[in-house]
Amino acid sequence: MLSKLWPSRISVNKLQRKHIEEVNVPTIQDDQPYNPFNEIRVLTGHQDIINIIKFIDETRLASSADDNLVIIWDFENGDQLHSLQGHTRPVTSILVHEKTGFKHQDSCPVLITASSDKTIRIWDCGDGVCLNTIQDHASTVKCLVNVNAHDFMFCSGGKDLCLWDIEGKLLCQEVQPDNDSDVHSILPIKKDRLVVAFSRQSLVVYTISEILQNKSFKFHSRLRPHRDDVRCLTSVTDESFVSASLDGEIIVWSSNTLQPIKQFNEIREFEGDSHLYPYSVQHLFVLDQRFIFAAVGAGFSIYDALSGKCVAQRENVHHSKVSYIQLLNERFMLATCSADGTVRLWGSTTRHLPDEFSPIEHFLGKSINDITSSITEPGLLGECLGHSGSVRMIADFGAEGFASCASDGLIILWKDGWRERQKRMELATSLLFT
Amino acid sequence: MEIMHGAYERVSSVAQVTSYIRDISFNSSVQSEYADLPEHLQISYDCAKNPWANLFMQDFIMVAEFSEHEGPRPLFTIPDDAGKMFDQNAFSVHVMSVDYHAQSGLSFSLVDDTQLIFSEDRENIYAYVHHFILHDIEARGFVRPFCMCYISNSKKKIMDNLEHFIHEFSKISNHFKTANRPLFLDDLKQRIADLNYVNGCYENLETKNSEWVEVSKNVCKNFHGLNKETVDCMLTEANGAIAVLKTSKLASRKSSVGDNEFEKNSSDTKDDSEMAENLNAEQVPKETSNAQDTSCYQLSNGGQIHDEIIERLLRERKRHLLSLRDIHALCGYRAVEGLASLQKIHQHFYQPYEVFSIIKEETPLLDPSPSTFAIGSSFVMNFRKNIHLPKADSTSFFSSDPFLRNSFESARSELSSESFQSCVEENESDREGFPGERHFSLRTPFSVMTTKDLSGGANFSDGMSDRASSVNPSVSTASLADLSDDSTIERSHTPTPPFPNLASRPHSGSTGDLPSATQSSSRPYRRQLSAVETQTSYMKDLLKDVSPSTKKTENIRKDEKDREEDAIFFAPGSTPQYKVIYKDMCEVASSSGSAGRGRVEDRGRLEKINLQCYAQQLCRRKSDGPGGGALRVLRSYSYLVHLLYALLSGRTVVILADPSHQRNVESLITSLWLFVPGHCRGSQQVVLWRTKPFRLSDLGRIKLVGLAKSKQFNLLPNSVETYVSTLDFESGFLTTPAYKGEFLNEMLASRRCWKSDAMFISYIHSVFLEISLKAFVCYCAISLRNSATDANLPWKKRTLIPREFSVEFMTDILDALGILGSDARIIVYFLDLIAHQQLAELPSQRYLADNTSFDSLSSGSTTSYENSDSCSHMTKTRPITLDFAQRTVYRKSRER
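Residue numbers (UniProt numbering), protein chains in the order written: chain A, 1 to 434; chain B, 1 to 896.
So here's chain A without its partners, still in its complex pose (with noise of 0.2 angstroms):
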């Protein structure tokens, strides 16, 4: 199955590392001091690309993969503790609901997972049973978001725009009929107003309306367009969101008036010589609601949304474009993922700074003042290098490590070596004199 997928990909990929081998590409020299993650572990059970890899609390992951699975994994020892077996088409998005909201199911969190079978499924964490299936979807799901923390609802969308309760009753509908693009994204934002992202130039924002308790879907406003498709649609604070584009081009949106606050990365020849995009934004998370960390093209940028300037930047980062990217917490490293099978840590190789200091701190080696004053180059720490595929998304465990999924069909966990082995003395000594 993997072999009918790669023709095209590698090709792809080729050509793009052609293109980008003439620059520089930072290579791991040394023996990676700096490299925590010296132990793995390979959890095989997908027999097909995976696409989705999501945290569900502490111990556990969840993985979905084309194979139309999906597994819940103990981050611990690697342990396949469910396989959802269900759907019959991939699975496209995965929700985590922690609330409590089924009457059999008091603490445990459920999995809500959408896929191109048309049908959402609501499965218990603990036993990896499926709660409910619903059905009433006319297309392909495309995305699922949680609207409502307090009194859980969520929305998925596709072709047309569905509300739902915990329950999986059908709360509103709006169908697009004159739209050929499915929904990729969706955003609440204050005022009970959605935003929605399709494969399109613009972005669309919804309001949900209440009338004597029927909900339904309304029309607001359709935004300034990109220059190319939107690729990325996240919340900054409260008041502000930002979305990026196929062009490079992030642009950070009020929440309350609708227009651009701030506009980043505005490429003028964005397409490249073979229309490869070199720019394009794949991934973009917002750090400290303000920094927002994205994807650019092999490398990546970090943009304060509220000074509206660069703070670090490296291009080229890969061999191939990023296509995800994460800030391990505990550690202040920018994890990247690529497409040439590798993920890479990124960070500040001089200064450590005490603990009180913020993550964006720690991650630049610089103290919050001097940030804007100039672009920061993170030196690249260290080198995950274990895929022989692309490297799809990663998610990441805190202390314990992270995970990393991709093309190849494997979740590799990495983990700390020191810390693993430290744990393994201690238990296994301890036998030794208890």
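Calculated directly from the structure, the hints in this document are not laboratory data.
Pairwise CB distance ranges, derived in the manner of DEER restraints:
no.: 1; chain 1: B; residue 1: V807; chain 2: A; residue 2: S199; range: 49 to 59 angstroms
no.: 2; chain 1: B; residue 1: F805; chain 2: A; residue 2: P33; range: 17 to 27 angstroms
no.: 3; chain 1: A; residue 1: G272; chain 2: B; residue 2: R891; range: 41 to 51 angstroms
no.: 4; chain 1: A; residue 1: P33; chain 2: B; residue 2: S638; range: 22 to 32 angstroms
The beta-carbon is built from N, C-alpha and C at its ideal position, and this holds for glycine as well.
Given chain A, put chain B in place with the hints provided.
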């Protein structure tokens, strides 16, 4: 009857002589000497020409029988080609010339086995001879005397292990006998039916039953010499035999409930019970083996049945013309099992006495198994604390199953009485209490291993083999002169107190891979007991030799610790003790009741380890085990020190070669195997040849592999290649981190001084021991430090010692031990291995789940903990340690 037996004896005496003469006639060299035949009819074995006069030879097993036609004759030997220099015929005449079973008189009876020790000091030939009798319907008096001889040059070996010889050979003879008996009984039944048929014919003649007279007349014509008297005589004989069998069977069943322990095969047990039922009902058996009802044969003028009966009976009359049936015919399909067991016995006992005694001494050190440390499939040392606690050893030889713990108390008391018999009895009585759930295992864990064994049969190239690689004990370094010169092994130093209280475990050193693990109790203990006494006293002597200080401390500590240990051993949640359990464990376990079955199987899987003592490695004749040819490889290439470093520090080594060099690569890998630490249960660390791609997940498991080069595929992906050391077999390019340390350089410095692999390997083992001892010191130091921390808290709540302190602490220890540079990595890897092994064992102990200090093991999977799968999670996906060290490329260079 009397006539028959008389005849038997007469014939036998003649046959004895005839046989001998015939043998001589075959032997051309002595033919002239014995040209005058009659003189030698009185030959005695004290004559000048010793029949087994021979030169150096290897131990072998010979099976002989007393043929009623030919007299004593050898049947076969194990191994097949053994004893060529040995006059087997003469020897069999000698051991079988006396009718050891004559005590029973002239009527049919069942006789016990007899055992003999045969010694010929002048020729340095010693033998353990085990006589037993099988029953054959076609044989005179229904008896077929057999004997199994274990022939050796070492008197000590036989004398010291007499108990085990008796035990193991008895098991085999019992095996043959139990297999033979039902077949014989069937034959008897048929015989009786046949005779009844003939009798019927005669009766018809006498009573002139008009209807049948004519038919019967015709029939009787065919009977030739089979007159009524003879038929009556035969009938009495057969009935007598059945009666004897019946009484003995009932008696033995009463006396030994555990008899069926021996009979692992449930169908066999069924046979027995059926047989017993038949006998109990006092029915003269009516059915022949081929299910024909012979009790009411229809008379006829001929016909198939008639012909068959006549043929069978005439066969009986003409038996002197027929060749005797072989052991396969006598015992059915189970003969094969018995012979296989004999081979195993040979495999175990054939090793030189020195090796044998080292194994015996080191066996106790294998407990507890998780802390055993092995390099190159040979045991190096045990990272345990209570090496001198006698009770620890004696307890651990029972299964550590929690549900057996109840019986520990009584078992312990019996053990302390130092009587083997009472120990056995105790177990039997226990067995009655818990039928089917008691497994009493008496074995040493060593087995002789060849490359084939270790890599799981012919399936070299592919993944997991059920056989684990192995562990072995040699707490001591042996400075070994070349064993092939028959010199002895001296123990140059014994770093840990070498003898746990041997006296308290009289079973120590029982045979390793011998056929069945369980006690067979159908044999009287008379002989065993005396053997045990000898054994025990020998061990006491041994103990005197132990360094006095150890002994003293032991005595002093013993009292103090007694109470303490009781608490430790019988309190829930105390230090677990493990037992190495062997292949047969699984079989035994699977025959146990369904209760707790999953767990038992689980244990069987977890605890299966193949073991080897380094001494065995040394005495191996072929160089096909780990380390074979190591000297040749290392002598030539000095740059291989980096490769050894990679192996010893846990980095996977891949030898890439063209498929045409597969054999060479396999032998190179066999040599390098010597340096692969750990016994990595349930997985295969060394793969001689692999043609599948090497995947990332293989990294944790495989430590040394030969990989075929392929033009089409890259069998070693980049993502894996970074973390392994590669040796290109053709070009000699070695890509591996550089070794900057002392251990290995020192070890290899003297490599040119050694003359043989055996010497070199024994030296290397002494170095391994030294390194392991340093690791052990580190282990203890870490343990002492850790015990001061908050050990009772669950893992999540504990604060790990900050990295800086921990690193500093480690550095201090290593500095103090003089471990520098790359050597530290080796030590750390050794520690890792031990920790892994110990933790892998943890989840199998159910009560640990309740212990909060091991919370981290169960946390997160609490809901699914009932699921037996999660109990063994430590072993499911092994963590793989990635070595980020930069690699250097070395070129092949012969040393100056």
